[in-house]
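Got chain A; can you put chains B and C on it based on the hints?
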Amino acid sequence: MADLTVLDEKAQWEAKVERLWTTRPSRWRDAWHELARNKLAVAGSLIVVFFTLVAIIGPVLAPYDYAKQVLSDVLLPPLSNGHLLGTDELGRDLLSRLLLGIRISMAVGLGTTAIALSVGTVAGMLAGYYRGWVDRIINGFVELVWGFPLILIAVLLIGAIGPGLTGVVIAVGFVNWAGFARIVRGEVFALREKEFVAAARALGKGDLEIMARHLLPNVVGSALVMGSYYIAIAIIAEAGLSFIGMGAQPPLPSLGQMISQGSGYMLLNHWLSTIPGFVIVLLVLGLNVLGDGLRDVLDPRLKGVS
Amino acid sequence: MDGASSRPAVQGLVDQYVGGRLSRREFVKGALALGLGMTTIGGILAACSGATNTTSGTPKKGGTLKEGYDLDFSRLDPINTNWYDPAFYAVYESLVTNDPQGNYVPQIASSWTAASDGLSVTFKIRSGLKFQSGVPLNASAIKAVYDGIADPKNGSPLGSVWVPVASTEAPDDTTLVIKLKHPYFDLFNIVKTGYWDIINMAYRTQLGDKYGQQGVDGSGPFTLTEWVPGSHTSVKRWENYPGTVTPFIQNKGKPYLDGINWLTILDAPQRAIQIQNGEIDTLRGPAFQDITRLQADSNLTVTQLKEWSGYFFSLNFKRTDLGFNDVNVRQALSHAIDRASIVKALLFTHGEPLYGPITSADKSYTKDVEQFNQFDVAKAKSMLGAAGWKAGSDGILVKGGKRFTFEMIIQAESFNQQLGSVIQAQLKTVGVDLKVSSLDRGTFFNKAFANPDSVMFFYLWPVPIDVVTLFVNSVNANGKGPNWGNAVVPQVDAAIAAWQSAANQDQLNAAGKQFQLAVAEQLPFVPVINRDAFWVNRKNVHGWHPDQWNLYPYYNDVWLD
Amino acid sequence: MVVILAISSAVIFYALRSAPGGPSGGGVLSPLSSQEIRQAYEKRLGLDQPIYTQYFIYLGHIANGDLGTSLVNGTPITELLKTHARNSLILGLTALLLSYLIAIPLGVLAAVKRNTWVDQLAMGGAILGMGIPNFWLALILVYFFSLRLGLLPSAGCCDPPQLIMPALVLAAEGTAVTMRMTRSSMLEHLRDDFVRALRAKGLPEWQVVIRHVLRNALIPVISLTGLRLGWLVGYALIVETIFRWPGVGYLLVDSVLRRDYPVAQFFSLLLILFVLLANWFADIAYGLANPRIRVA
Chain A
8 MADLTVLDEK AQWEAKVERL WTTRPSRWRD AWHELARNKL AVAGSLIVVF FTLVAIIGPV
68 LAPYDYAKQV LSDVLLPPLS NGHLLGTDEL GRDLLSRLLL GIRISMAVGL GTTAIALSVG
128 TVAGMLAGYY RGWVDRIING FVELVWGFPL ILIAVLLIGA IGPGLTGVVI AVGFVNWAGF
188 ARIVRGEVFA LREKEFVAAA RALGKGDLEI MARHLLPNVV GSALVMGSYY IAIAIIAEAG
248 LSFIGMGAQP PLPSLGQMIS QGSGYMLLNH WLSTIPGFVI VLLVLGLNVL GDGLRDVLDP
308 RLKGVS
Chain B
31 MDGASSRPAV QGLVDQYVGG RLSRREFVKG ALALGLGMTT IGGILAACSG ATNTTSGTPK
91 KGGTLKEGYD LDFSRLDPIN TNWYDPAFYA VYESLVTNDP QGNYVPQIAS SWTAASDGLS
151 VTFKIRSGLK FQSGVPLNAS AIKAVYDGIA DPKNGSPLGS VWVPVASTEA PDDTTLVIKL
211 KHPYFDLFNI VKTGYWDIIN MAYRTQLGDK YGQQGVDGSG PFTLTEWVPG SHTSVKRWEN
271 YPGTVTPFIQ NKGKPYLDGI NWLTILDAPQ RAIQIQNGEI DTLRGPAFQD ITRLQADSNL
331 TVTQLKEWSG YFFSLNFKRT DLGFNDVNVR QALSHAIDRA SIVKALLFTH GEPLYGPITS
391 ADKSYTKDVE QFNQFDVAKA KSMLGAAGWK AGSDGILVKG GKRFTFEMII QAESFNQQLG
451 SVIQAQLKTV GVDLKVSSLD RGTFFNKAFA NPDSVMFFYL WPVPIDVVTL FVNSVNANGK
511 GPNWGNAVVP QVDAAIAAWQ SAANQDQLNA AGKQFQLAVA EQLPFVPVIN RDAFWVNRKN
571 VHGWHPDQWN LYPYYNDVWL D
Chain C
10 MVVILAISSA VIFYALRSAP GGPSGGGVLS PLSSQEIRQA YEKRLGLDQP IYTQYFIYLG
70 HIANGDLGTS LVNGTPITEL LKTHARNSLI LGLTALLLSY LIAIPLGVLA AVKRNTWVDQ
130 LAMGGAILGM GIPNFWLALI LVYFFSLRLG LLPSAGCCDP PQLIMPALVL AAEGTAVTMR
190 MTRSSMLEHL RDDFVRALRA KGLPEWQVVI RHVLRNALIP VISLTGLRLG WLVGYALIVE
250 TIFRWPGVGY LLVDSVLRRD YPVAQFFSLL LILFVLLANW FADIAYGLAN PRIRVA
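Residue numbers (my numbering), protein chains in the order written: chain A, 8 to 313; chain B, 31 to 591; chain C, 10 to 305.
Take the hints with a grain of salt, since some may be wrong.
Unchecked claim - Cross-link-like lysine to aspartate or glutamate pairs, in silico, DMTMM-like; alpha carbons within 25 Å at most:
(1) B:Lys266 x B:Asp591
(2) B:Lys510 x C:Asp57
(3) B:Lys374 x A:Asp72
(4) B:Lys209 x B:Asp177
(5) B:Lys411 x A:Asp72
(6) B:Lys240 x C:Asp57
(7) C:Lys52 x B:Asp239
(8) B:Lys458 x A:Asp72
(9) B:Lys510 x C:Glu51
(10) A:Lys75 x B:Glu443
(11) B:Lys477 x C:Glu45
Claimed, not checked - Stretches of chain A that chain C covers, calculated by requiring three or more beta carbons in the stretch to come under 8 Å of a beta carbon on chain C:
(12) 97-105
(13) 276-287
Keep in mind the hints are simulated off the structure, nothing from the lab.
Backbone N, C-alpha and C define an ideal beta-carbon position, used for all residues, glycine too.
Excised from the complex, chain A in its bound form (with noise of 0.2 Å):
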């Protein structure tokens, strides 16, 4: 019987697709063994883990107002009676001004990537999955900002709207989500052609649930990787934008800030800018190291290769 047969094929098709669907879970659980491997995958995820802590408690537990000043203990050196890290030109704790300085950094970084993430994932998305006209207009956004200096951006916005976070979170995440784009953008392209996606269609899901449901998971590996990435150069652009005195204003002490401040007392009292220094790097280094991790374990390809 010719219905019989039908029933039976769409049958074994969304058998199919299901399993596709079910080897997803299993395959995260593999990336996450493999990455825990990575000893420098593995330190760097510990690094960023607890700069993520001190961000969120560390102003908590600062033993001082960042912004309370004591004129009459400028300048003292780490380790003095009740600074552990000292104290800047004003008398103001290091230690707590560091420690907001973490949670603004954190906070730039990981907002502007979160929203050039989605962003950008939506858009690259979008022009993969549709390509024509769509793509074209999308791709010539992205292509047009990708290469963007981000400094250039960053100043003439700023010269605009007036310096602040504000202005640097805009910047920050205007530019980057071309980033996020791009690869999400070349990653549908390939997924796009695969036979789950064909299988999918023919079985009368709609685009939208095919692009949430088949192909986000597949982008997500890599959009990851990038965003490890991308927290790192949000950090460093917003401290550089401090430094400059385009960024935070004071007293917000954004470790770009602090930096700047403390580069006049290099001589005889260096820890003023070379700890945020440290910091940063630090930070900046762990969030690379772990962006490597990732994509090592997310793109086997590339594995031996770094």
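Then chains B and C, alone, in the frame of chain A:
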């Protein structure tokens, strides 16, 4: 070799060696050529070794001085400039100037007499002077400049200090008469400043906005080659400089230097680095934390002088909701500022608190201002309480549902930011929430004229009372001038009037005292601190002598080793 | 590309002119001048007209080849272009050269000595190089070489010693990235079949590596040059400002802060054009090198 006939020659050699114009080797060579034996030469050298003194040696011609400057350059147009910077002292001259003891001495004017009724001053102008372009510099040229300053069209912000002048006459080429509406003893303090430098007004009118940018025409010993604000200003020796009659300048003719190159180094710590490295030869204004290090450097000479400057902030009288028009509120805020601590922590004690508008180094300073504006947090709190302010849950004062919060704008620069931070923290202790906005130049001055709540600024002028009047004179409110706080204080205006009509030194002193007390008590602006001036030069720079009375050194005597 | 430039120029024009502040505070007028004088000055510059009018006037000037002059000191922009572009090129090319000179040999070495301490050290250095903020590096270098040792000048232009530190700082991040890329690329190509054949032929190892493998391995690295140039522009802004190196980046930051509109407009467009060209060049180069990519 006949000793007697060669002795003058030997003496000449010795003089040259001692004066630093001959190296030891050259001296030996010359002495040998004159027939002296090595033992004799050795003896002479030994005797000379203590006397070798390059500092009092003969000036050498040539070289370009590289000078570091701690502010940005302003346009080389005395009539419409920011503050006048060192290049003014190279490119321009004024009618009279000060010597290192503070006396008025001739420059373009060779002598002067004041009429017995005090209503006019007659200057004798040196004859035969020319501008660098060749145009004659005579009394009419000077009259053109002074009339130009008085003409509001030219936009001189200093018009208000020229008000007592009725007219300027030039009856002949070498006579200039300034006629006054009433005796104005302060006149000399005005005309000696760089703002009254003599320029070729016709050329200025011709170039318009471009005067001071692309070209200048003055009568000073150097001509302008390049002016790039944010970077550098360069001048070179004017070969037709007629010389100077100013007594304390030793070099009466053309300058020794081929040229001068000023570099603006806005990054404070970089200034000390650059002079220690020899990247610059002289420097004004190293960062305060570097002073001790520079003083310990044997290649450098550090000169510390009192500076006629002040940091202050305005409070906009129009913010009646906060009570800025109420003197008690202004005084309360002032009492919250711990000036002495600021001097100690930010200036490393190289400065002093300002309880009144001007520094104690000024002739007219009166100690009576020190009874005002003393650091007293309790008093501040009680005065604010009396004005109806009560502390809210977060510690910030509230009155009628309104929080005591306002914004202070400052020019983006590291010291300003530190000072702004400190003021912010100190006002917080009495419950005031101050926001500090650090603005770049382009925005800062525009906003200053747009009724900001508060502006923090720094003045620098050899006769500080004159410049302070600009900031507190009610005629300069509402965008007419730099009275950014729109301060209207009758006592202050009256004191300004008294100052401008003083007929002799005693009246001037009395008026000065009256003015200081009025400002200190009524606070048309809130004075904060005054800093010392630091000048640094490398040991190979000679004849460079910053002094207390002139903002910058004269360059006529400078020569390089 | 023209479209992008046109849009960018309009956006920049609008952004700059509607931003608070104006050139009257930027150094030409006395800041103590009254509002009247300030307004008269802005009127003379045509700044009181609506922005779109100003924009069309500006376009008209450009069409006539008149790029304008700096509002701050009257220098024609063409002259500024000559001096500042030359300075930036010197700095940028030196940095680029430095980074390749350091990164490629190290990358090759790391690949050849894979997983040995040489490799770990080099890669560690690379990761560190990617993590150090360039302004912090500048601070540290100045501290050591200018402040402590007095060996190098701390700022300014244009003697060769003044070029050393800015070029090093500018090269730092790119060196790290290039080193990693070179290593990856080398490792990939060291596995090519023909390499085994060459070795079997008895060729000494260094010849195999340098003469044959390197050539192939360098292709993706070199084709990245275009992109590198683009990124350099961004970093150059900060480095030039820190070291007071009078290049285009320094000029741009300064002119934006002073609201020197003609200069800010021209040089931001110039930089955008430069980045676009660099990206375009990179795309072509990469496409040539890697035909597979061209399909996507």
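Here is what the structure says about each hint:
{"no.": "1", "hint": "B:Lys266 x B:Asp591", "in the structure": "holds (18 Å)"}
{"no.": "2", "hint": "B:Lys510 x C:Asp57", "in the structure": "holds (19 Å)"}
{"no.": "3", "hint": "B:Lys374 x A:Asp72", "in the structure": "holds (22 Å)"}
{"no.": "4", "hint": "B:Lys209 x B:Asp177", "in the structure": "holds (12 Å)"}
{"no.": "5", "hint": "B:Lys411 x A:Asp72", "in the structure": "holds (22 Å)"}
{"no.": "6", "hint": "B:Lys240 x C:Asp57", "in the structure": "holds (20 Å)"}
{"no.": "7", "hint": "C:Lys52 x B:Asp239", "in the structure": "holds (12 Å)"}
{"no.": "8", "hint": "B:Lys458 x A:Asp72", "in the structure": "holds (13 Å)"}
{"no.": "9", "hint": "B:Lys510 x C:Glu51", "in the structure": "holds (16 Å)"}
{"no.": "10", "hint": "A:Lys75 x B:Glu443", "in the structure": "holds (21 Å)"}
{"no.": "11", "hint": "B:Lys477 x C:Glu45", "in the structure": "holds (15 Å)"}
{"no.": "12", "hint": "97-105", "in the structure": "violated (count 0)"}
{"no.": "13", "hint": "276-287", "in the structure": "holds (count 5)"}
The structure shown violates just one earlier hint, number 12.
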